[in-house]
Amino acid sequence: MPLQNRVSPLGTIESSPARGTLMGNRGVLHNSKKEVQHLFRNKGWITCLLEFKGRQRELMSAGFYTELFFLDEVTAFAAGHRPCAECRRKRYNEFRDVWSRVNDPRIEKPVRAPQMDGVLHEEGLHGDQKVTWRSPISDLPHETMFSFDGVSYAICNQRVLRWAFGGYSVVEPEKLPDTVDVLTPKSVVRIVESGFRPQFHSSADSSD
436 MPLQNRVSPL GTIESSPARG TLMGNRGVLH NSKKEVQHLF RNKGWITCLL EFKGRQRELM
496 SAGFYTELFF LDEVTAFAAG HRPCAECRRK RYNEFRDVWS RVNDPRIEKP VRAPQMDGVL
556 HEEGLHGDQK VTWRSPISDL PHETMFSFDG VSYAICNQRV LRWAFGGYSV VEPEKLPDTV
616 DVLTPKSVVR IVESGFRPQF HSSADSSD
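The sequence shown begins at 436 in my numbering and counts up by one.
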């Protein structure tokens with residue numbers, strides 16, 4: 436049975452045989468039996484490259500952080516994660532610079548990672564429950580995720596895609612309500628509206 440290490444747009448950690456394109460970290464969440472016992476252990480929720488400087492170890496090793504996996508960056512942002520400042524340094528800098536400009540224009544230099552982590556945590560989680568906010572679908576920008584009736588969706592090039600651990604599929608917008616529960620944190624939506632482009636899984640392009 437697959438390990439419980441795949442993250443949904445709701446931020447839940449589940450089991451799935453599907454492969455991800457990004458790895459993530461929320462601290463040590465597992466026990467000696469490789470069972471997930473915690474939703475998170477810190478506020479520094481990050482996304483990492485699958486390979487970096489040849490580093491390798493057994494998944495869920497004792498005493499090491501729990502390796503989490505995401506379908507893509509769009510999913511990771513919806514779940515409340517940001518780029519890692521080490522292995523994804525260029526992407527982190529892009530994210531931080533736009534964040535600084537649109538979320539706190541009063542400061543004279545880019546925000547620090549703990550500041551962003553605190554905002555993402557507050558916007559995305561209340562206790563162990565995902566925080567959502569309401570918005571008309573027509574007001575949401577490309578690369579935003581929302582949920583309806585227990586299903587997660589993403590907006591991609593004026594299309595609405597149904598999310599799954601294995602990829603996306605196109606749905607008919609007419610079957611959805613005008614107003615939905617948005618999963619992507621407000622601070623991330625603002626930077627997307629300003630031109631930052633979260634990366635989609637390849638299935639988003641091939642969906643028809």
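Because the hints were derived from the structure by calculation, they are not lab data.
Treat the hints loosely; a few may be bogus.
[Said to hold, decoys possible] DSS-like cross-link-like pairs, simulated, lysine-lysine; straight-line CA separation at most 25 Å:
no. : residue 1 : residue 2
1   : K621      : K525
2   : K621      : K478
3   : K469      : K544
4   : K478      : K610
5   : K544      : K525
6   : K488      : K544
7   : K565      : K469
8   : K621      : K565
Quiz item: Which of the numbered hints are not met once you compare them with the structure shown?
Solution: Hints 3, 4, 6 are the ones this structure does not satisfy, whereas the remaining hints hold.
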